[in-house]
Amino acid sequence: MMSRRLTFFIFRFSFFIAAALLLSSCFRADDFEDTPEGNMEALWTLIDEHYCFLDYKRDAIGLDWNEVRSRYRARLSDDMSKAQLFEVLAEMLSELRDGHVNLYTPADVGRNWSWYEDFPPNFYQDLQDAYLGKDYKIASSLKYRILDDNVGYLVCSSFSSSFGEGNLDEVLYGLRSCSGLILDMRNNTGGDLTLADRLARRFTNDRRLVGYICHKTGKGHNDFSTPEKQYLEPSEGVRWQKPVIVLTNRRCYSATNTFVRDMKQCPKVTVLGDQTGGGSGMPFSGELPNGWSVRFSACPMYDADMNHIEFGIQPDIVVSLTDEDRARGFDTLIEAARQRLQ
Amino acid sequence: MRRSTLFIISHLLFILFPLRAFAQEGCNVTRATVFYGGFASQQDTYLTPLLYKGYQLSMLHEDLRATSIWKGHVSGQSLVQLDITSTKSASGKGRYLGGRLHYDYALHYNWLLNDHWRLMAGPQLGATLGVLYNARNSNNPAQAIANAHLNASAAAIFRFPFCRREAAVRYQTDFQLFGVMFSPNYGQSYYEIFSLAQPDHNVIATLPWKALRWRNQLTMDIPLRRSSIRYGLFLDTQSSHVNNLIQSHLTAGFMLGWVRHHTRRNTQRQFPENFIL
Chain A
1 MMSRRLTFFI FRFSFFIAAA LLLSSCFRAD DFEDTPEGNM EALWTLIDEH YCFLDYKRDA
61 IGLDWNEVRS RYRARLSDDM SKAQLFEVLA EMLSELRDGH VNLYTPADVG RNWSWYEDFP
121 PNFYQDLQDA YLGKDYKIAS SLKYRILDDN VGYLVCSSFS SSFGEGNLDE VLYGLRSCSG
181 LILDMRNNTG GDLTLADRLA RRFTNDRRLV GYICHKTGKG HNDFSTPEKQ YLEPSEGVRW
241 QKPVIVLTNR RCYSATNTFV RDMKQCPKVT VLGDQTGGGS GMPFSGELPN GWSVRFSACP
301 MYDADMNHIE FGIQPDIVVS LTDEDRARGF DTLIEAARQR LQ
Chain B
1 MRRSTLFIIS HLLFILFPLR AFAQEGCNVT RATVFYGGFA SQQDTYLTPL LYKGYQLSML
61 HEDLRATSIW KGHVSGQSLV QLDITSTKSA SGKGRYLGGR LHYDYALHYN WLLNDHWRLM
121 AGPQLGATLG VLYNARNSNN PAQAIANAHL NASAAAIFRF PFCRREAAVR YQTDFQLFGV
181 MFSPNYGQSY YEIFSLAQPD HNVIATLPWK ALRWRNQLTM DIPLRRSSIR YGLFLDTQSS
241 HVNNLIQSHL TAGFMLGWVR HHTRRNTQRQ FPENFIL
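Chains as they are written, first to last, in our numbering: chain A, 1 to 342; chain B, 1 to 277.
Be aware that a few hints might be false.
What the hints assert, rightly or not - Heads up, simulated DSS-like pairs for lysine-lysine below, C-alpha to C-alpha not over 25 Å straight-line: (1) A/Lys-219 x A/Lys-242; (2) B/Lys-88 x A/Lys-82; (3) A/Lys-82 x B/Lys-93; (4) B/Lys-71 x A/Lys-219.
Think of the hints as simulated: they come from the structure by calculation, not from any bench.
Work the whole structure out from these sequences, hints included.
This is the structure in structure tokens:
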């Protein structure tokens with residue numbers, strides 16, 4: 001009797017395991033072959049299921065991702081070279097007009113940098129160097145000095161190179177006697193969001209709603225989580241209390257775009273220059289069967305009014321760097337900022 | 001479903017783990033330490049949609065001892081398993097490095113069918129912590145692994161004479177019934193979870209069709225002086241499909257290690273001779 005029960009138990013247990021294994025065999029993602037068509041399908045599907053701006057860009061720039069698929073599939077052939085396949089796939093991705101979308105191969109990087117290449121630079125390194133002079137100070141990745149008219153000039157050229165709270169304390173304390181501060185963010189193409197937040201926190205005394213962030217919750221183009229509020233908390237270190245002018249150009253991208261979004265909510269802050277380049281989707285990585293790596297925007301961020309900032313943020317005051325000023329060794333944006341801070 | 005599963009698991013935690021105290025009363029203890037290496041297959045669609053294949057090295061420490069529960073018919077078994085994996089994509093350009101630490105504790109009811117056969121079955125509670133790192137990714141470079149689970153555990157042991165002593169063949173299977181696991185949401189960044197403290201369905205109660213752990217061991221213990229040599233085969237499957245993300249980890253390999261049996265002679269015996277293997 002006992003052994004019968006045991007046999008029955010073992011039979012049921014085995015059946016349960018077999019059924020579960022059958023179910024678990026569904027736990028496999030789609031497999032794509034390492035062929036031109038397989039790689040294109042893998043790339044198209046990766047973007048189709050994970051990219052966060054398909055619906056927005058359909059409305060904003062008329063992007064039809066299904067039409068893109070059929071158009072680029074027609075350019076494939078079984079005997080095409082790697083370079084030819086790269087050209088097709090890179091062009092397909094460039095339809096997204098997103099600086100956070102890249103195709104990485106050992107030979108080249110597919111990109112669409114039209115967000116700054118199609119616009120005037122409004123920045124020249126030699127001019128910035130002239131304003132910094134030779135006796136500027138360096139606090140980690142930050143460069144700063146006091147200009148002749150007692151205006152502080154702080155250059156933050158990247159959020160990829162770190163700076164600490166101690167650096168910011170020293171910089172702002174060192175510039176405390178200035179009448180105002182020019183924060184030159186031009187050509188800062190982004191990096192670490194926590195660094196952008198660390199810097200922006202120095203310019204508010206209150207907790208401020210600066211925007212929203214969400215993420216995809218499924219494969220559908222419109223499967224998003226409820227947008228969560230993003231707040232800027234005041235720093236516990238030295239906080240700047242005087243007027244600030246943030247200089248921007250089209251190469252202010254990604255984390256710098258987010259920084260400008262946050263700074264626009266702060267008091268005594270004016271954004272001057274050109275529109276930022278955008279890049280409001282936090283990028284994720286993926287991979288194709290042939291080993292090429294893909295980067296794409298995954299988590300969209302919005303401004304405090306829930307507007308998209310993927311294509312950039314307008315400055316409060318539009319100023320362009322003129323050829324005449326450049327010829328005279330003047331940076332039009334810095335000069336405009338200095339006048340306002342007098 | 002989530003509430004009821006959490007309710008069941010939390011109550012079993014309260015019931016099963018205090019029972020461990022009875023295991024300390026046991027006079028017969030078997031400790032085994034085995035190492036195994038073998039093939040590993042991994043997929044985590046949060047990191048990349050591709051299947052990676054490679055190798056795994058693991059260590060499994062087992063402590064099996066008698067208890068006084070149900071007149072000594074229940075044994076307690078703790079398993080500590082450490083896995084180190086290195087896998088590559090088919091192209092060889094992507095690489096995962098992973099590590100997992102598993103702890104499981106089971107209480108088995110023992111049926112002594114005859115002089116050769118013994119069957120064991122009972123609940124097993126466990127937890128896993130680990131990380132899977134993809135060397136190529138930027139904002140999603142790693143996946144944290146954390147889960148707790150209730151398993152059904154069963155074993156069959158066949159003992160037979162070998163060089164005037166006893167050898168044993170054992171098959172043990174541990175199958176996950178309920179679990180609680182951590183997972184980021186489909187496109188959620190760790191920046192949102194940890195820097196912004198904005199969770200979104202990151203702790204999930206699971207049933208076998210959502211998350212599966214199935215561990216199998218087929219071993220033979222060959223007596224050698226005072227201890228035994230254990231060798232055998234190992235098959236471990238861990239899969240989940242939650243938040244529209246697929247994670248799977250399959251490993252199969254060969255085990256080799258040693259087993260030591262301890263008997264406390266000062267303790268009054270209340271268990272059958274050679275009860276524990």
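Against the structure, the hints:
Proximity of A/Lys-219 to A/Lys-242 is assessed by CA-CA distance (about 47 Å); at most 25 Å being required, the pair is judged violated. The suggested pairing of B/Lys-88 with A/Lys-82 holds, with an alpha-carbon distance near 21 Å, which does not exceed 25 Å. Straight-line distance between C-alpha atoms of A/Lys-82 and B/Lys-93 comes to about 16 Å, which keeps the hinted pair within the 25 Å bound. With a C-alpha separation of about 55 Å, the suggested pair B/Lys-71 and A/Lys-219 falls outside the 25 Å cut-off, and the hint is violated.
Hint violations for this structure: numbers 1, 4, all remaining hints satisfied.
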